[in-house]
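Peer 1: Each chain, letter by letter, is given below.
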Amino acid sequence: MKEITVLTFGIITEIIGKSNFVVNDIASTEELKKDLEAKFPRLRNLDYAVAVNKQTITTVTTLEAGSTVALLPPFSGG
Amino acid sequence: MNEHYSYERYQRQIILEGFGEEGQEKLLRAKVLVVGAGGLGCPALQYLVAAGVGTVGVVDDDVVTLHNLHRQILFTTTDVGLSKAEVAAKRLLEMNPSVQINAYTFRLTTRNALELFSNYDIVLDGTDNFATRYLINDACVLLGKPLVYGAIAQFEGQVAIFNAGGNAVNYRDLFPQPPVPGSVLNCAEAGVLGVLPGLVGTMQATETIKLITGMGKPLINQFLTYNALTHNSFVFGLNAREETESLLPKDANDFEQRDYEWLCGTTSDAEEIDSDAFERFLLNEEAMIVDVREENEQPEVNEFVHRKIPLSLLKKKAFAFRNDTLVLFCQSGKRSLEAAKILSATFGLTKKIYSLKGGILHWKKEHGTKA
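Protein sequences appear in the order of chains A and B. Counting along the first sequence from 1, when you hit position 14 you're at 61 in the numbering used here, and nothing is skipped either side. Counting along the second sequence from 1, when you hit position 159 you're at 315 in the numbering used here, and nothing is skipped either side.
Source of the hints: derived by calculation from the structure; they are not laboratory data. A virtual CB, placed ideally from N, CA and C, is assigned to each residue, including glycine. Treat the hints with care, as some may be off.
As the list claims (entries may be wrong) - Pair by pair, the computed Cβ-Cβ distance ranges are:
#1 A/N71 to B/E250: 53 to 61 Å
#2 A/F87 to B/E250: 44 to 52 Å
#3 B/D218 to A/A85: 41 to 49 Å
#4 B/R436 to A/E111: 38 to 46 Å
#5 B/E522 to A/D82: 40 to 48 Å
#6 B/G393 to A/R89: 22 to 30 Å
Here chain A stands alone, though its shape is the one from the complex (with noise of 0.2 Å):
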């Protein structure tokens, strides 16, 4: 089983529930966003950056087992 770790912040984590999770058998950030916001459909109109193994992507990557992804929303606090 190819394990995936996912981290979150901010209002995503407010959405999903938890900052820090295990995903399995996930073959692609597509695919990674396709399921999350199949589960939370508020994440669906949420733009975020994704970083796979601490490097923030530009285009679809492929994960491998042991991977970490994380889903990074914008703050405008201050």
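Fit chain B to the known structure of chain A by using the hints.
Peer 2: The following block gives chain B in isolation, referenced to the frame of chain A:
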């Protein structure tokens, strides 16, 4: 400037290995502009001035309010109602009279940003809204100025240095477009732990001092997240996006023409209408009436023809709106207004977008029976 006096003032940092008198002189020659004298700006200003940054500018058109004071500890209760920039400048000068402090009490706009920024080496973003954040980013990219970014939400913070060094990454590489209005809450809506901006603003000051003196590894092209509840902190490397260039203003003229407030949905062309006006739209064949409630919400509406597109799917289905006039409703009028703002941001002036005030519940009470 009195050299002996300044040595004594800064002695504790001058004796640091890698800092020295050279580091102090670099700070003295540096010019830093802090945008926003709020939760982030105040602590950043305090430490930059205390550390001896030679010229510090502070731009803020706001006044001190009572609900600022739990986190903006440069201000006191007697400052309520006074200009933030002016009070900040006065207090900072008392802290360190050898520093040049410039207070700007106007609002940062596309008309004044480029001229103002060009007088400084580094810009520190201490603002509290997306409109100004995108404006600052785009101005810094145009001028090639390093931008020390900081932002907070509830218990979490973000810090980064954009637009510095080779292969510089900017804010739009991370977040290409402003978020849909209402999808990300600000401090006024979501709350903030008072000490959090103190921590994050201080981190911004730290990064600014590292950037000026060349000490350590500044967060250039990196993005730090910090959680005050867990003290968890992560640093992410940032990659540039190909499409970023197409999103940035081409030149000063293009920049000045842009309306960042509108882009970020802070001003909206969405209009709220009452039940009577709504009735008139029901008779207007040009208008498309849309229920933005989620599926299976009660009460059902069968008094008039309408489409159902839930708010959660709105952004994805915006292309389905072919009519030039859209009239949105939900239960109470709150979500339809949010939806109207989303669609206004998407369509700009090409469509007229209305939201039924009071929602379908209010309409049913007033008109439902005769429809």
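Peer 1: Now look at each hint and say whether the structure bears it out.
Peer 2: Against the structure, the hints:
no.: 1; hint: A/N71 to B/E250: 53 to 61 Å; result: holds (60 Å)
no.: 2; hint: A/F87 to B/E250: 44 to 52 Å; result: holds (50 Å)
no.: 3; hint: B/D218 to A/A85: 41 to 49 Å; result: holds (42 Å)
no.: 4; hint: B/R436 to A/E111: 38 to 46 Å; result: violated (59 Å)
no.: 5; hint: B/E522 to A/D82: 40 to 48 Å; result: holds (44 Å)
no.: 6; hint: B/G393 to A/R89: 22 to 30 Å; result: holds (28 Å)
This entry does not satisfy hint 4, going by the numbered hints stated previously; all others are met.
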